[in-house]
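As they're listed, the protein sequences go chains A and B. Residue numbers are given in numbering that gives the first Met the number 0: position 134 of the first sequence equals residue 133, and the series is strictly consecutive. Residue numbers are given in numbering that gives the first Met the number 0: position 276 of the second sequence equals residue 275, and the series is strictly consecutive.
In case anyone wonders, no lab produced these hints; they're calculated from the structure. No residue lacks a Cβ here, since even glycine has one placed at the ideal position from N, Cα and C. There's no promise every hint is true.
Computed far set for chain B versus chain A, every beta-carbon distance over 12 Å [stated by the list, open to error]:
(1) A153
(2) R188
(3) P279
(4) I306
Cross-link-like lysine to any residue pairs, in silico, SDA-like; alpha carbons within 20 Å at most [what the hints assert, rightly or not]:
(5) K331/B x A31/A
(6) K176/A x K87/B
(7) K87/B x A31/A
(8) K24/B x V119/B
(9) K45/B x C35/B
(10) K331/B x F87/A
For each label pair, taking beta carbons as the anchor points, the in silico distance ranges come out as [claimed, not checked]:
(11) V15/A x Y88/B: 14 to 22 Å
(12) I207/B x Y140/A: 23 to 31 Å
(13) L349/B x R167/A: 51 to 59 Å
(14) D186/A x V95/B: 58 to 66 Å
(15) M313/B x Y140/A: 34 to 42 Å
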Amino acid sequence: MGIEQFIFYFFALVMVASATMVITVRNPVQAALFLVLTFFSCAIIWMVLEAEFLAIVLVLVYVGAVMVLFLFVVMMLDINIDRMREGFIRYLPFGVLVGLLMAGMLISVVGSVNFGLDKFAEPARHAADYNNTRELGLVLYTKYVYPFEIAAVILLVAIVAAIALTLRRRPTTKYQKPEEQIAVKRDDRIRLVSMNSEKKK
Amino acid sequence: MFEWVETIFSSLPQGVQTMTFIIMKIVAITLPLMLCVAYLTYAERKVISYMQVRLGPNRVGPKGWLQPIADAVKLMFKEIIIPTGSNKYLFLISPVLAIAPALAAWAVIPFDDGMALADVNAGLLYVLAVMSVGVYGVIIAGWSSNSKYALLGAMRSAAQIVSYEIAMGFALVGVLLAAGSLNLGDIVRAQSGSVVHWFWLPLFPLFIIYFIAGLAETNRAPFDVSEGESEIVAGFHVEYSGMAFAVFFLAEYANMILISALASIMFLGGWLSPLQGILPESVLAVPVLGDVLGSGIHWLLLKTAFILFFFLWMRATFPRYRYDQIMRLGWKVFIPITIVWLLVVGLLVLAEVGPWWNAV
Numbered sequence: 000m001g002i003e004q005f006i007f008y009f010f011a012l013v014m015v016a017s018a019t020m021v022i023t024v025r026n027p028v029q030a031a032l033f034l035v036l037t038f039f040s041c042a043i044i045w046m047v048l049e050a051e052f053l054a055i056v057l058v059l060v061y062v063g064a065v066m067v068l069f070l071f072v073v074m075m076l077d078i079n080i081d082r083m084r085e086g087f088i089r090y091l092p093f094g095v096l097v098g099l100l101m102a103g104m105l106i107s108v109v110g111s112v113n114f115g116l117d118k119f120a121e122p123a124r125h126a127a128d129y130n131n132t133r134e135l136g137l138v139l140y141t142k143y144v145y146p147f148e149i150a151a152v153i154l155l156v157a158i159v160a161a162i163a164l165t166l167r168r169r170p171t172t173k174y175q176k177p178e179e180q181i182a183v184k185r186d187d188r189i190r191l192v193s194m195n196s197e198k199k200k
Numbered sequence: 000m001f002e003w004v005e006t007i008f009s010s011l012p013q014g015v016q017t018m019t020f021i022i023m024k025i026v027a028i029t030l031p032l033m034l035c036v037a038y039l040t041y042a043e044r045k046v047i048s049y050m051q052v053r054l055g056p057n058r059v060g061p062k063g064w065l066q067p068i069a070d071a072v073k074l075m076f077k078e079i080i081i082p083t084g085s086n087k088y089l090f091l092i093s094p095v096l097a098i099a100p101a102l103a104a105w106a107v108i109p110f111d112d113g114m115a116l117a118d119v120n121a122g123l124l125y126v127l128a129v130m131s132v133g134v135y136g137v138i139i140a141g142w143s144s145n146s147k148y149a150l151l152g153a154m155r156s157a158a159q160i161v162s163y164e165i166a167m168g169f170a171l172v173g174v175l176l177a178a179g180s181l182n183l184g185d186i187v188r189a190q191s192g193s194v195v196h197w198f199w200l201p202l203f204p205l206f207i208i209y210f211i212a213g214l215a216e217t218n219r220a221p222f223d224v225s226e227g228e229s230e231i232v233a234g235f236h237v238e239y240s241g242m243a244f245a246v247f248f249l250a251e252y253a254n255m256i257l258i259s260a261l262a263s264i265m266f267l268g269g270w271l272s273p274l275q276g277i278l279p280e281s282v283l284a285v286p287v288l289g290d291v292l293g294s295g296i297h298w299l300l301l302k303t304a305f306i307l308f309f310f311l312w313m314r315a316t317f318p319r320y321r322y323d324q325i326m327r328l329g330w331k332v333f334i335p336i337t338i339v340w341l342l343v344v345g346l347l348v349l350a351e352v353g354p355w356w357n358a359v
């Protein structure tokens with residue numbers, strides 16, 4: 000077994016094991032952390048497939064940003080684990096049925112009938128100076144430039160919509176305005192009044 | 000003398016030989032780094048104390064030189080107390096999660112022309128990705144301690160790190176736009192010429208923003224609200240003691256050194272000598288003088304030390320930011336500036352403005 004095969008089998012095993020843990024472990028924070036581990040081993044498998052840009056971006060976006068926010072929310076929630084375990088036995092047969100159905104469908108689609116080794120030629124090895132990032136960029140900004148830009152605009156719309164939906168302007172809240180604080184002049188704050196001194200009665 | 004070592008070594012299989020070389024390189028990077036971290040703490044205490052007209056550590060060894068060693072020994076022999084009600088495994092694994100990215104990012108740093116552990120072509124992206132993983136150490140430490148102060152500190156610092164990562168990422172996009180490459184070695188090579196060829200000049204706003212975002216990323220003063228002593232005791236590592244605390248400490252300082260090294264690679268010409276383009280070729284041919292004045296690893300170390308000094312200077316100078324002002328600075332000031340400057344850099348590159356982009 001070469002080092003590449005070893006890396007593949009090792010991280011594939013880690014990935015499947017941690018993905019199983021995501022749905023079986025009781026503590027939600029631990030489940031989120033196992034999901035992080037799943038992403039991480041997935042990134043390494045992509046790296047073995049010479050897709051280093053995707054692998055690094057997976058770590059950067061999903062592990063570095065999305066899962067951090069996810070953990071944030073999960074940590075803040077006060078989840079009662081006992082209540083979640085109620086009815087486990089009751090729903091078990093139905094859950095197993097759905098699971099088996101899903102697994103059967105997945106196997107029938109991605110199984111060896113459609114994706115067997117004999118259906119595909121072995122992917123060609125790239126030379127050592129092959130730059131995955133550059134190739135992706137070239138294709139994205141020439142051949143697929145319109146779909147790419149449209150996807151970007153859709154994401155932008157989603158961001159604007161999410162902010163617009165959640166932004167509440169409360170008139171009672173006092174905001175600091177640093178630009179006004181900096182621009183303040185002496186005359187805005189001080190008023191000199193001339194008056195006669197008062198006499199003691 | 001070492002012939003027998005050589006014969007044993009060459010009889011090993013090829014894979015084992017490569018592995019041995021890689022591990023030796025890793026040790027050659029990590030050990031000096033750890034020593035640098037130890038003496039950075041000494042330098043920090045000395046620099047700040049001289050700025051505040053004090054003497055600083057001066058009792059252990061001549062002029063206090065052995066102080067960091069004494070501190071390390073003290074921390075090693077202290078007991079690691081695991082709080083009751085804490086999540087034990089996560090509590091113990093989070094220091095590891097904090098320091099691993101701080102060390103892993105050094106794999107792609109080029110110390111000299113071609114002198115990097117892994118000369119990968121997506122080096123900059125790799126550094127960004129690895130540094131973004133570092134936040135897990137903080138979050139998990141805060142959560143698993145089962146302490147309110149720790150959780151609040153972790154929340155503050157995680158939100159801060161995630162927001163400043165965007166400004167930092169944009170600053171790095173400017174660099175890769177200017178250099179036309181993600182490979183850190185190519186980025187340095189794109190700056191060769193003279194001091195004005197380095198990217199600090201055309202990317203000056205990005206350089207400043209990168210440095211300030213670096214301060215915020217490493218939770219250094221004036222952005223150290225995550226461990227603000229007067230508000231939340233010591234933030235996310237309040238429950239840690241002994242070596243577990245020391246590992247967090249190591250991670251913070253290793254991150255500082257990493258950010259300084261990256262800043263000097265991306266904006267200050269990395270290993271390139273500042274005298275390049277000024278000195279005639281004949282001087283560089285002189286045996287010792289030429290090596291010292293010419294490009295080499297010592298210039299990278301000097302530039303890194305220079306930026307590290309700024310880190311310490313900032314800490315001695317500025318009072319702590321308020322939390323909402325940190326967020327305002329990150330989101331409403333830095334991100335717009337970087338986006339505008341990205342546009343400017345793009346136009347400069349398109350117009351082939353000299354002396355940076357007219358060579359081709």
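To see whether the hints hold, each was checked on the structure:
For A153/B, the condition that its CB be more than 12 Å from all CB atoms of chain A is violated, with the nearest at approximately 8 Å. Residue placement check: R188/B keeps its beta carbon more than 12 Å from all beta carbons of chain A (closest about 15 Å). P279/B, annotated as away from the interface, keeps every beta carbon of chain A farther than 12 Å; the closest lies near 35 Å. Every Cβ of chain A is farther than 12 Å from the Cβ of I306/B; the closest lies at roughly 24 Å, confirming the non-interface assignment.
At roughly 31 Å between alpha-carbon atoms, K331/B and A31/A are farther apart than 20 Å, so this suggested pair is violated. Of the supplied pair hints, the one linking K176/A and K87/B is violated, its CA atoms being roughly 45 Å apart against a limit of 20 Å. Restraint check for K87/B and A31/A: the C-alpha separation of about 17 Å stays at or below 20 Å, so the hint holds. With a C-alpha separation of about 16 Å, the suggested pairing of K24/B with V119/B holds against the 20 Å cut-off.
Restraint check for K45/B and C35/B: satisfied, since their Cα atoms lie roughly 15 Å apart, inside the 20 Å limit. Between the alpha carbons of K331/B and F87/A the distance comes to roughly 48 Å, so the proposed pair goes past 20 Å and is violated. For V15/A and Y88/B, the hinted distance range of 14 to 22 Å is satisfied, since their beta carbons lie about 21 Å from each other. For the pair I207/B and Y140/A, the beta carbons lie near 30 Å from each other, so the given range of 23 to 31 Å is met.
Our hint of 51 to 59 Å for L349/B and R167/A is violated, since their Cβ atoms are close to 43 Å apart. In this structure the supplied range 58 to 66 Å holds for D186/A paired with V95/B, their Cβ-Cβ distance being about 59 Å. One distance hint, 34 to 42 Å for the beta-carbon pair M313/B and Y140/A, holds here, with the actual separation near 39 Å.
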